[in-house]
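Engineer: Chain by chain, the residues:
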Amino acid sequence: MALTNDQIIIRLQDKFGDQIYNVEQPYGLLTFTANKDLNLKVLQFLYNDETLKFQFLTDLCAVHYPEQAGEELAVVYHLHNLIDNVRIRFKVYTNSNNPDVFTATNIFESANWMERETYDFYGVNFIGHPNLKRILNVDEMDYFPMRKEFPLEDQTRTDKDDEMFGRGGIGSIN
Amino acid sequence: MSLAELHVKLPEGSIEKQTTTLNLGPTHPATHGVFQNILELDGERIVNAEQTVGYIHRAFEKIAEHRPLYQITPLTDRLNYCSSPINNMGWHTTCEKLLGIKIPKRVDYLRVIIMELARISDHLICNSVVGVDTGAFTGFLYVMQYRELIYEIYEEICGSRLTTSIGRIGGFERNFNDIAFRKLEKFLKEYPDVLREFEKLFSRNRIFMDRTQGVGGISGDRALNYGFTGPNLRAAGIDYDVRVHSPYSSYEDFTFEIPVGKTGDCYDRFLVRNQEMWQSLSILEQAYKKVQEFKGTDADVFHADVPEYYLPEKKDVYTKMEALIYHFKIIMGETEIPAGEVYHSVEGGNGELGFYLISDGGRSPYRLHFRRPCFIYYQAYSELTKGSMLSDAIITMSSLNLIAGEMDA
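Taken in order, these protein sequences are the chains called A and B. Okay, so the first sequence: first residue is 1 according to this note's numbering, each after it adds one. Okay, so the second sequence: first residue is 1 according to this note's numbering, each after it adds one.
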């Protein structure tokens, strides 16, 4: 008997009650939110529970919603139960001034770099992470570039010295 | 005084062993891509390894937040560039899932043909490069002409070879021409012999077996915990394949097997990839047969009817009002994307390639995240290589099929 979304949510709400909220099923993928202090407990429960068995962390990333005061950053986990072949999406929200979320590295080795990437781009501070430092950007960077307040470079700017790349500088048509 | 005593003078109070730190990469002929490994060596044995990535990070996720959907396709090319068509199709199917577009069967089958060709070319490169790293260059050169043939097929369909940007949201930019099908037939006819010979060169080759067996192995449990997917996970004995578990593009219409290994070492990874090429060949044959069954006007279908997202043909743009409007709206990126949140994944050349797309109803995605398989499983590299020899680390790296473009996005 395959695991259905309804069974999962009943099981979760039995355990955590109304601390699991915003339950939706966009495109059939069960999505829910929990308080950020609970993220480890929920992940651990999903991992260990005999019927749920969400033991594969497919993806971990963050989303920035600057308009949501106090809940600017969402950390999104995509989990997969490979036995029953069910996926779920689990979110926690945190504010951007104090973006502390517990690390999932003790449950999933794969969370290590994904959390570093999330820290690198959104500044989510994963408490307890063994090696939380930038991974794709340079170490000296002092901001979190994927946040919405950083726009892409203006394509029409002219003040940049691009001589080495064949644009602008001496001999250019501009 | 003996020579050895002259050569090594350890500082006072030090214990007898000294380790060497070696920077393997960022640009090293043996790393096949831009990534760095800081190895701590005791003689030739690896004590510790730390991987550094990010040398070719291009901020695709940020750029994608400012582009209309169709302009994101070229970004996906540059992820795993050994099999860009799979990335392209993955992106198109993600958009189609978000937009709720129903794709005609013939288009699905044509996509399967393209994706399986791409898978073969990806595995071919990976496996032959493992051969190169163990000292056998012949296999690499020999199979290259069949990768060339695959690239020629891409070229007939979309005009480009490496960064293909093949297809559109809704289907293909044009129908496959006769030359493409002739080349596909040639490939189906000639490639099995080549693959058989390639296998003969390696599979039971004593030197190759000695170099790869028991090297870079991982257990199924550890592989799952490390987020392995694709051939690397299957080599560790877990039969997870996105094509079977969450079929897309009508993969459910095909019969094929998922080859699995046992030890997860370089040799098993090699065998799994080889077996997958046979399975891909079988899928290709089935797909080509299915495509040929479409007759008359059905054989001219190469895209779904979604004028809002599918770029119209140029001759229509010049003669029809609607086509002109849609052409303008699509090119200028003035089409609103319905709000929604979707995760879609495809079986890429080296694992589950996922797209997490959030739209808030604007003209470009609110957030797009790529789940890049090799970024995730490369974390295991230090565990895989600890305690092994330096030369084994090189083979482990190439047999993991690490693509720097995908890792750094």
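These are calculated hints, taken from the structure and not from any lab test. Treat the hints loosely; a few may be bogus.
Claimed, not checked - Covered by chain B, per the in silico footprint, the following chain A stretches (three or more residues, Cβ under 8 Å):
{"id": "1", "region": "7 to 20"}
{"id": "2", "region": "79 to 91"}
{"id": "3", "region": "106 to 119"}
Please read all numbers here as calculations on a predicted model, not as lab measurements. The beta-carbon is built from N, C-alpha and C at its ideal position, and this holds for glycine as well.
Engineer: Against each hint, give a clear statement of whether it holds in the structure.
Structural biologist: These are the hints, each one checked on the structure:
| no. | hint | in the structure |
| --- | --- | --- |
| 1 | 7 to 20 | violated (count 0) |
| 2 | 79 to 91 | holds (count 4) |
| 3 | 106 to 119 | holds (count 7) |
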